[in-house]
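Q: Residues per chain, in single letters:
Number of protein chains: 2
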Amino acid sequence: MKNFADRLLAQMKKMESPIVMGLDPLLSYIPEGILSKYQKETPEIAAGEAIYEFNCLLMDSVEGVIPAIKPQLAYYEMYGLSGLRAFSRTVAYAKKKDFLVIADGKRNDIGSTAEAYAAAFLGETRWSESSSTAVFDADALTVNAYLGIDGIQPFLDVCREKGKGIFILVRTSNPSAGDLQDVLLENKRPLYEHMAEKVHTWGLDLVGESGFSSVGAVVGATWPQQASTLRKIMPHALVLVPGYGAQGGSADSAAKNFDENGEGAIVNASRSLMCAYKKREDLKPMDFQKATFEEAVRMKKDLNDGIARMLGK
Amino acid sequence: MKNFADRLLAQMKKMESPIVMGLDPLLSYIPEGILSKYQKETPEIAAGEAIYEFNCLLMDSVEGVIPAIKPQLAYYEMYGLSGLRAFSRTVAYAKKKDFLVIADGKRNDIGSTAEAYAAAFLGETRWSESSSTAVFDADALTVNAYLGIDGIQPFLDVCREKGKGIFILVRTSNPSAGDLQDVLLENKRPLYEHMAEKVHTWGLDLVGESGFSSVGAVVGATWPQQASTLRKIMPHALVLVPGYGAQGGSADSAAKNFDENGEGAIVNASRSLMCAYKKREDLKPMDFQKATFEEAVRMKKDLNDGIARMLGK
Chain A
13 MKNFADRLLA QMKKMESPIV MGLDPLLSYI PEGILSKYQK ETPEIAAGEA
63 IYEFNCLLMD SVEGVIPAIK PQLAYYEMYG LSGLRAFSRT VAYAKKKDFL
113 VIADGKRNDI GSTAEAYAAA FLGETRWSES SSTAVFDADA LTVNAYLGID
163 GIQPFLDVCR EKGKGIFILV RTSNPSAGDL QDVLLENKRP LYEHMAEKVH
213 TWGLDLVGES GFSSVGAVVG ATWPQQASTL RKIMPHALVL VPGYGAQGGS
263 ADSAAKNFDE NGEGAIVNAS RSLMCAYKKR EDLKPMDFQK ATFEEAVRMK
313 KDLNDGIARM LGK
Chain B
13 MKNFADRLLA QMKKMESPIV MGLDPLLSYI PEGILSKYQK ETPEIAAGEA
63 IYEFNCLLMD SVEGVIPAIK PQLAYYEMYG LSGLRAFSRT VAYAKKKDFL
113 VIADGKRNDI GSTAEAYAAA FLGETRWSES SSTAVFDADA LTVNAYLGID
163 GIQPFLDVCR EKGKGIFILV RTSNPSAGDL QDVLLENKRP LYEHMAEKVH
213 TWGLDLVGES GFSSVGAVVG ATWPQQASTL RKIMPHALVL VPGYGAQGGS
263 ADSAAKNFDE NGEGAIVNAS RSLMCAYKKR EDLKPMDFQK ATFEEAVRMK
313 KDLNDGIARM LGK
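Protein chains in written order, with my numbering: chain A, 13 to 325; chain B, 13 to 325.
Rather than coming from a laboratory, the hints here were simulated on the basis of the structure. Values in this document were obtained by computation on a predicted structure and should not be read as measured data. Incorrect hints may have been included.
Copies of the same chain are indistinguishable here, so a pair counts whether it falls within one copy or spans any two.
[Claimed, not checked] Calculated lysine-lysine pairs in the DSBU-like style (CA-CA distance at most 35 Å, straight line):
no., residue 1, residue 2
1, Lys296, Lys210
2, Lys325, Lys174
3, Lys49, Lys210
4, Lys244, Lys210
5, Lys49, Lys109
6, Lys52, Lys312
7, Lys296, Lys200
8, Lys174, Lys290
9, Lys107, Lys52
10, Lys174, Lys49
11, Lys108, Lys52
12, Lys200, Lys26
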């Protein structure tokens, strides 16, 4: 099975695009023209259908421009079983359209339970002695490593076996990230650097032909200084970069997560792509696909320019 | 709305039982007599139905002996949408039978996303301007605080508004818990103590009449020494104690999480209750309810004796 990091980097290279589209489907993001189609259904069914339709149309609009999507599980769970069905169908649609899927669940638990999460999102579920199938079947999952290696090992096993990936939280994009992550250790270095060293070590066995590992890291675009240091501590880690756009991170900040070849990171944008239409007074809401496409093209240039400046080109 | 800690402590006192039954439904735990009833269904439907039936019968068997259940979300997710439907039905059945429900999801994210998790598991989902309803509606949720206070605040808000609770991971029960949690800080104290201080501070506004807060902590029964220290750092925290029984923690170890009145903690047992029948050569598998009931009664005595020894009684 081909290494996840190699697969994602190949897609990014082909499209010359370091972007992953976050699909965080708040109902308030969805144009009325979609919501109203389902108003005869129960609120729960209507939510699931509208989310799925909006997601598909968003993916259609950026096909060939954006290599991957990142559904945020919290929003699907918020809409109950119907939301989770929309998640499942979104993953299936994405795969049909050749988007890689990073499920953003920040899952974590002790070893035996982490095995269940690994099976649910990346591997296969065993139904009986003789039958097992993939359930949600994403390409990668975000993971929180506060429980240490035995909570991570089951994910490493499935990554190796199935060509899947994980992104471990190192330095998150939110204002209070530092409450725990910046705490100084005995050696005067912050906790997030210790976490980064673990990510580096745990990922060494999963480095692909690209030189990058299927064990990646999450490092917010809101912390450019930390990003430069972390890039050095984890030379093989593929970095998932949230916080660009709506959360305030700039292209220059995001660029600090890329290496000296301008590779090795993928930048997330959720609201700024999903709600691009809301900033376009020249377009009707139902022209949201045009707005999202144009915003994706603008972002691609913005980020590639940021990377070029970082490389001194 | 009545404070969660007060509600849980009242139930525990009424039953003189410091036990929460973990419902981690691996299909291999379920007696063949239940599984075979659904063999005409698809594997996914069959799994969901069998899990729900087993859960209900387990709850029936310990009614009045055990005050709360703790479904582990990983296992329900592993069985896909059907598994998640079983989770949802299990929560509803538990509430009908007066069990409190601690959803074990170890959820975590940035503030806006944590809001969605809080809505999904503890609060209400907004379907439109005028309608919102509870989706999974557990009484409490386990939470990972690596992202700091802005990832926790949305949970605190819903705890206050709806009488719900959270349990923040402090020192987990697994062998590699120390990889991150034991790292020594600048002040020579381990990270888990820093986390415990946060739990204490964040929970002060949610202390109920019982003197305990709806912001609790997870501290494994496998670490008795740490438990004694943590009990002092978090005098108001209700402690959820995994690791007793199958994971190797003893009643004496678990007891270290209780305070000088023998209060303030609840001990989880999953496999040892769910699979009690597997250790009973005198019983048929379908007599599992008797086995689980008797194991619950034995545990209750074992834990209460451990607490009494800890108090020097």
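Q: Against each hint, give a clear statement of whether it holds in the structure.
A: Cross-check of the supplied hints:
no. : hint            : in the structure
1   : Lys296 x Lys210 : neither (48 Å within a copy, 47 Å between copies)
2   : Lys325 x Lys174 : neither (38 Å within a copy, 55 Å between copies)
3   : Lys49 x Lys210  : neither (49 Å within a copy, 47 Å between copies)
4   : Lys244 x Lys210 : both (13 Å within a copy, 31 Å between copies)
5   : Lys49 x Lys109  : within (24 Å within a copy, 39 Å between copies)
6   : Lys52 x Lys312  : neither (39 Å within a copy, 51 Å between copies)
7   : Lys296 x Lys200 : neither (54 Å within a copy, 60 Å between copies)
8   : Lys174 x Lys290 : between (40 Å within a copy, 33 Å between copies)
9   : Lys107 x Lys52  : both (30 Å within a copy, 31 Å between copies)
10  : Lys174 x Lys49  : between (39 Å within a copy, 33 Å between copies)
11  : Lys108 x Lys52  : both (29 Å within a copy, 31 Å between copies)
12  : Lys200 x Lys26  : neither (42 Å within a copy, 50 Å between copies)
In this structure, the earlier hints numbered 1, 2, 3, 6, 7, 12 are contradicted, and the remaining ones agree with it.
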